[in-house]
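Asks: Sequence:
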Amino acid sequence: MESTCIIPQSFVVVLFLTNLYVNKEMEEEMFCYIHEGGELVKTAVGSVEYKGGRTNCSVVSKNISQSEFVSKVCGVLNLDSNSIKLEFTVKFDPSCLLPLHNDGDIVNMFKFNDMFCHVYISQCSECGDDLICPTSGPTPIVASNSAHVSSIGEPPLHISNESPTIQSVGFSQRCAMTNTVQLQPSRFEHSIVGSGHTFPNVSEFRDAIYLMSLARKFRYSYKRNSPKHMTVVCTIEDCPWKITARAIGDSNIVQVHTFRNVHNHCLEDVVLSQPLVRSTHASLVIDDVIRSTPKYQPRQICKDFVRQHGIQLTYLQAWKMKEKAKERIYGQPKNYYKLLPWMCERMLATNPGSSVELSYSNDDHFEKLFVAHSISIEGFVRGCRPIIAIDSAHMSGPYGGALFSATSYDANDSMFPLAFGVMRSENYEDWLWFLEKLKIVVGNKEVIIISDRHHALLRSVPEVFGIENHAYCYRHLKENFSSFLSKHNTRGNKGKENALQFLDSIAYGRLEHDYNVSMVELKKYNEALATWVEENAPHHWAMSKFPKQRWDKMTTNLAESFNAWLRIERHHSICNFLLEHMSKLASMLVKHQEESKNWKGCIGPKIEAKVQENIAKGAVYPVTPFKNGVFGVCIERALLNVDILNHTCTCRGRQMLGIPCEHATTVIISISQNVTDFVDDCYKYPMQVLIYGGSFSGIETHDMPTVDDDGLVRSITGEVFFSLKPPHTKRPPGRPRKKRIESQFQDKRPVYCSRCHMSGHNRKTCKNPLP
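Residue 282 in full-length UniProt numbering sits at position 282 of the sequence shown; the count goes up by one each step and never skips.
Worth flagging that the hints you see were computed from the coordinates, not collected in a lab. For clarity, every value in this text was computed on a predicted model and none was experimentally measured. Among the clues, some could well be false.
Claimed, not checked - Mimicking SDA-like on lysine to any residue, the simulated pairs with C-alpha atoms at most 25 Å apart in a straight line are:
#1 LYS730 x HIS265
#2 LYS295 x ASN264
#3 LYS324 x SER292
#4 LYS610 x ASN641
#5 LYS545 x GLY466
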C-alpha cells in the first residue's frame, strides 16, 4: 500500500546522469527534469516517486558549484534562492533526504548516484522558536496508521529549519518504507515535529515520544496520562522540554497542542537521564530489520544498541524486543489461524480449479491443510511425467507442525511444485489424508511416488497409489546401509568404500544380469551385507527390479530442494506462509516459462547436456546394420541391439529414461538422423508450453478482515467470519533441533579459526597458542 506525502509550495528536480565516454576530455552532464506542483509518493519498498505537476528541463555539468546549481534551478523555476532548501537522495537509501549545502554535497550527489538523482526543493520555514508558532493553513487528512499535521480544532504546523521538509507519516509506515538494516537513531529525532502534529491513536503518540527520547538521549515522564489529555516533561528538574497532546473530540485521533523542544541539561544531567529500555516501544526500532533479516539474533541486537544508542541491553531484553517486533509484524501467535478459513476461500475464488482442503476438530482447532493451485494441477496433468517426490519438513513458530510436499519435474527436469500440506505432525493418519487428497488431484493418471522409508509412508503410499508404484529414495537407503556396514565391516574405511560400490552396482544396474553379478560379488565380500540387501525390498529401489518406468529418478532430492526453497517462509505465520508461497511460485513459473523461450532447440539445456554426453560416450562404438530398423552396437566383447523404430536398446537405457542412450545415439548419427527427434515428447518444448500455459493470480488482501479485541474476525463493514483456533500441541521428545540431520555423504565445508587460522574449530573455541 502506498502512502502519499504532499509538500506545500515545493518542487522536485529529477536529474539523470549520462556518461558520455567519447573521449577523455568530455564532461559528464546531468539532464534535469524540473517538476513543479506535484506530490511525493513513498512506495512500500522505500523508493520515492513524484506524481503530477508540470515539468521543465535543464542540463547541469558535473563540475558545477553549489551556488551555480542553485542559481540555475532558481532561474528555471523563477524562485528566490534565499527562500528555498535543497536536499537529495542516494541510490542505496532512496528514503533518506540529505542536505545540499555546499560543493562537497554536489560531489556526493554525483558520486553515489550512477545514472540519475532526485533533488527536492522546498520553501524554508521562517519560524525557529522553541514553541512552534501557529498560522493558518489547509487541513490535511489523517489516514490509518499514519501521523500527519492537522488543523482540526488546533492551528496547523510550521516547521523550523531543523525539521524535515516531508511531513511525518507515522512510525509504523516509516519503518516499513526504509531499506536500511541498521539501527540509525537519527531517523527518530523528528518523530514529533511540532504543535498540530496528529496521530491516529494514543499508542502511536506514545511510541513517537519514546523514539524521540531514544534518538536524543533523554528521559521523560508523564505528568498527565489519559486517552484524552497527556502532558509529558523531561525528568531533569527545571528543564523546559514539554509536550501536551489532546484527543480531538470523541475520536481516537491525538493532536499535539504544545511542543517546547528545548532541553537545559548540564553534563551530569546528560549522564543521569539516559532513556529507559521499554521492550514494547524499543522493539519498534528493529521492525524493519526483522522484516528483512528474520534471523536477527538477540546478541546482535545488544551489540547494535550499544553502538547506535549507547544503551547496554541484557539478552532477555533483546529477546523480548525481537518477540514484540515479530508479534507486531506477523500478529499475535494465538491469532495466526483465525484468518485461515477466509484465506482458503479467497484462494479458491481467485484461482478456480484449485484444490484447498481445510480440516479442523469439533472444537474448531486446526488439524490439516492441503493446497494445490490450479496452475500446478493443470501443468502436471497436461505435460509432466507421472513421477512425484514427496517429503516433509518442520514448520517453525510457536505451534510447530510439519510441511508435506509433492513435487514433480517439468520438461527440462526442473522443479515443478504440485501440492503441499500443513499438518500438526508427521504420522500415518496425516500422510494418508494428504496422499488421498493428492490422488484426487492427479486423477486417473498412474504415478510413481518416490519417498524415504518413513514408517508412515511405508503404510500409506501402497494403500493409496499401490505398492508397485512406490519407489524408495536410494540416498536414504544407502545411508541405512552405511550405518549397518559400520557395525559389520572389519576391513576399515577402504572396505566400506568397496561395499558401497557394490551397492551402487546393484542399484544402478539396468539389467537383471547386472543385478545378479553384483549380488554374487557382494556375497563373496560379506554374506551379511548381501542378506541385508535382499531383506530391504530391492524391487522398490534397484533399477533392474523396479517394475515401472521411473526416468532414472532415484532420490527425493527434488523434494529436499522444495524444502530449502521455502526455508525462510517456514518461520512465518501460516497465512503469511500461504501468501509468500504464492508469490515465490508465481516467480518460479514465470522464470521457467521465460527460460524455455530461449531454448536453442526443441529440448531444454539440461536434457541437451545429457544427450551430448551420450553422443560423446558412444562415438567410438562400431555399428552393424540389420533388417527392419535393427542395428548392432559392439561394446568390448558384447553386442547390443538397437531398434530405431521401436525406440529400444538391449541396455534398457532408452526405455527407462526416454532419451537415446549412448548406443542409440551412435546408431542415429550413423544413419544421418537428428538425435533430438528420437527424444520422448515429454522433454520437448511443446510439452513445456502446456506445463506453464495456465493462468495464476495472487490473492487480493485489500479487504482482508482483521481480528478485533474480542478475538472475532471482522471485516471493515462489520461482517463476522468463521475463525479457527490454533492446533493442539504437545512437547516433542528430546531437545528441539535447529538444523536437519545431515547426510553421511554430504560434503561439509571445513571450518577455519580466524584467530590461529587452523581448521577444525572456530575463534570462540580456539585453544591454540599464538606465536
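Asks: Out of the numbered hints, which ones does the structure contradict?
Replies: 1, 2
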